[in-house]
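Colleague: Chain by chain, the residues run as shown.
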Amino acid sequence: MTTEIKRRLVVFTCFVVTAVTLIPVVMMVLVAFQSDAESMAAKPSFWPSSWHPENLTRAFDLVPLGKYLLNTIYFAAGTTILETVTAALAAYAFARLNFPGRSWLFGIYLATLMIPSQVTLIPQFVLVAKLHGIDTWPGMILPHAFTAIGVFLLRQFFLGIPRDYEEAARLDGANRWQAFVRVIVPLAVPAIATLAVFKFIGQWNNLLWPLVISNSDATRTASVGLQVFQDTNGTQWNLLLMAATVTTIPLIVLFFLTQRWFVRGITMSGLGGR
Amino acid sequence: MAVDIAPAPPAPAKQAAAPPRRSREALTAWLFILPSLIGFLIFTAGPVVAAGVISLLDWNLFSAPTWAGLRNFARLGPDPTFWSALGNTAYFTLLSVPLTIVVSLLLALLLNQGLRRIAVFRSLLLLPYATITVAVAFVWIWLYIPHDGLVNAVLGWFGISGPAWLISDSWAMPALILMSVWKSFGFGMVVFLAGLQAIPQQLYEAGRVDGTSPWNSFRHITLPMLSPALFFVVVTSVIGSFQVFDQALIMTNGGPGTRTTTLVMYIYRTGFENYDQGYAAAQSLVLFAFIVLITAGQFLFQRRLVHYDN
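Sequence order for the protein chains is P and R. With the working numbering applied, the first sequence covers 1 to 274. With the working numbering applied, the second sequence covers 1 to 310.
Hints are computed from structural coordinates only; laboratory data are not their basis. Please note that the accuracy of each hint is not assured.
Stated by the list, open to error - Restricting the straight-line Cα-Cα distance to at most 20 Å, the calculated cross-link-like pairs of lysine to aspartate or glutamate (EDC-like) are:
| id | chain 1 | residue 1 | chain 2 | residue 2 |
| --- | --- | --- | --- | --- |
| 1 | P | Lys67 | P | Asp135 |
| 2 | P | Lys130 | R | Asp58 |
| 3 | P | Lys6 | R | Glu205 |
| 4 | P | Lys67 | P | Asp217 |
| 5 | P | Lys130 | R | Asp276 |
| 6 | P | Lys43 | R | Asp148 |
What the hints assert, rightly or not - Simulated restraints on C-beta separations:
| id | chain 1 | residue 1 | chain 2 | residue 2 | range |
| --- | --- | --- | --- | --- | --- |
| 7 | R | Gln302 | P | Trp51 | 51 to 59 Å |
| 8 | R | Gln302 | P | Ser50 | 53 to 61 Å |
| 9 | R | Arg75 | P | Ser45 | 44 to 52 Å |
| 10 | R | Ser213 | P | Phe15 | 25 to 33 Å |
| 11 | P | Phe15 | R | His307 | 30 to 38 Å |
| 12 | P | Pro162 | R | Ala206 | 28 to 36 Å |
| 13 | R | Ala64 | P | Ile249 | 43 to 51 Å |
| 14 | R | Pro256 | P | Val185 | 49 to 57 Å |
Think of the CB as a built atom: it goes at the ideal place given N, C-alpha and C, for glycine as much as any other residue.
Construct all of the structure, not just a fragment, from the sequences and the given hints.
Modeller: This is the structure in structure tokens:
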């Protein structure tokens, strides 16, 4: 009886908390469908009194939103793929191979974890400018594709994979590369997926770097593009929030499809309470 | 650090012709590291060193830099905007980090009650974290509209007349903090949930046999067992909140006055609006120094408070 009351209380609390939490997200979608007059009225309304799905095409007509989204995908996917591949390779060497200087090199990698990205912002900008990389894809992607966090995360995980598995493959004649590709990587899929998803989300959200480096529609990402939207059109809330909704949807889909992976990944990377 | 103790190669005769095992392994290791290392040296390690050099220069990006010595650092002292930016960032961190942690912990505890369809709530509660910051920053502007925005409308039900949030000297920063807590609690919630699920149930059962109250079992079992996860979230949240930029740029653009100008925003302005690269680099190094100090402080604290089970 008491457990039944407790269960209902928990469900009720979950409902209320979730409902309150989601108000801004629901609001974004609802206002996106309101008429111009309604969305810009002095007294904002929650539910649209008439629905305007054509706001979607209007938003795409007003700014090259499709192009911005495509750019965001290039930027996020490019940095994610490069980071995941190079970090996995390096993490394998740090976790499993012996070489002189391993400890201090890893120490240097770790030390840079604490450096805020703003410290490297200006030198990175200067470097990219010198190499004529402003407003180009290499200039956007490369500076954000090699971070210590990925190497650190994957190394921790690789250390946890029993050596016996790899030694068995080695005894069967596999070289290091084959052992890495056929044994380590398949076992580490959850950790690699965790890194990839967090990296992708982080870069999809990145405002500062694209703001600094991209200065035309050729490379402008959605996060920067939404701002341009506000500047050039005042605050036409319905179209702005329609664009915001469209920009958010791919990220939410990705998040839902992959969240089981990173819940597992975090548990296994040693943060799980014990 | 574990040492590679591979068994002796099965065919020693063939092995003799090949280079010695150790150096061959070292070569393999460098080949594995090289792609990451090249990028790391060019785009992370190099720029860190360069930031140190640039901070000693007067440079507007367009004409040749001139030597400034420590002048850029000396300029920090009498610059009121720098100090208010630092104060704003500290204010933001001091409120947003504890709030985010309490909210994520409470929600993780709620979601850990062994409910069947809990995955639905977990997924929905992760939505704020999954939305794009710039996009929801616009929604929050809308929620904060002074007279009829939803926030003030709700306050009105309780007879409170809410402030003009984003343009109020004293309420603009709390408004940013509230939005940021909303945006970021999901990350801590997931980490805490993972941590909670790893706590062995026997510990609680033993406590129950001894008649321990729920509060005491939370204090003496849950909190100590969760402390590594807690520590991780605190450290990453502090570093993250010292770098707050997006929502402040969109929602208040640093105003009213400089009330919500954060350090990163000031660095961005100095470097890319005033083209004062040397001064911006000096500011970013000071920001770095603060983060190092605070993180080091947390690691010192950790020794006393964090419980590791091995």
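Colleague: Run the distance test for lysine 130 of chain P versus aspartate 58 of chain R: straight-line Cα separation, threshold 20 Å.
Modeller: holds, 18 Å
Colleague: Do the Cβ positions of arginine 75 of chain R and serine 45 of chain P conform to the proposed distance bound of 44 to 52 Å?
Modeller: holds, 50 Å
Colleague: Cβ-Cβ distance between proline 256 of chain R and valine 185 of chain P: within 49 to 57 Å?
Modeller: holds, 53 Å
Colleague: Hinted pair, alpha-carbon criterion (20 Å max): lysine 130 of chain P, aspartate 276 of chain R. Please report holds or violated.
Modeller: Judged against 20 Å, a Cα distance of about 17 Å means the pair holds.
Colleague: Next pair to validate is lysine 6 of chain P with glutamate 205 of chain R; report whether the Cα-Cα distance is within 20 Å.
Modeller: holds, 18 Å
Colleague: Within 43 to 51 Å: is that where the Cβ-Cβ distance between alanine 64 of chain R and isoleucine 249 of chain P falls?
Modeller: Hint holds: Cβ distance 48 Å, inside 43 to 51 Å.
Colleague: That 30 to 38 Å hint for phenylalanine 15 of chain P and histidine 307 of chain R (C-beta), does it hold up?
Modeller: holds, 34 Å
Colleague: I want to verify a distance hint. Is the separation of the beta carbons of proline 162 of chain P and alanine 206 of chain R within 28 to 36 Å?
Modeller: holds, 31 Å
Colleague: Is it true that glutamine 302 of chain R and serine 50 of chain P lie within 53 to 61 Å of each other by Cβ?
Modeller: holds, 57 Å
Colleague: Could you tell me whether the CB distance from glutamine 302 of chain R to tryptophan 51 of chain P stays inside 51 to 59 Å?
Modeller: holds, 53 Å
Colleague: Checking one constraint from the list: CA of lysine 43 of chain P to CA of aspartate 148 of chain R, max 20 Å. Satisfied?
Modeller: holds, 5 Å
Colleague: Lysine 67 of chain P and aspartate 135 of chain P were given as a pair; does the straight-line alpha-carbon distance stay at or below 20 Å?
Modeller: This hinted pair holds, its Cα atoms lying about 14 Å apart.
Against the hints set out earlier in the document, no violation occurs for any number.
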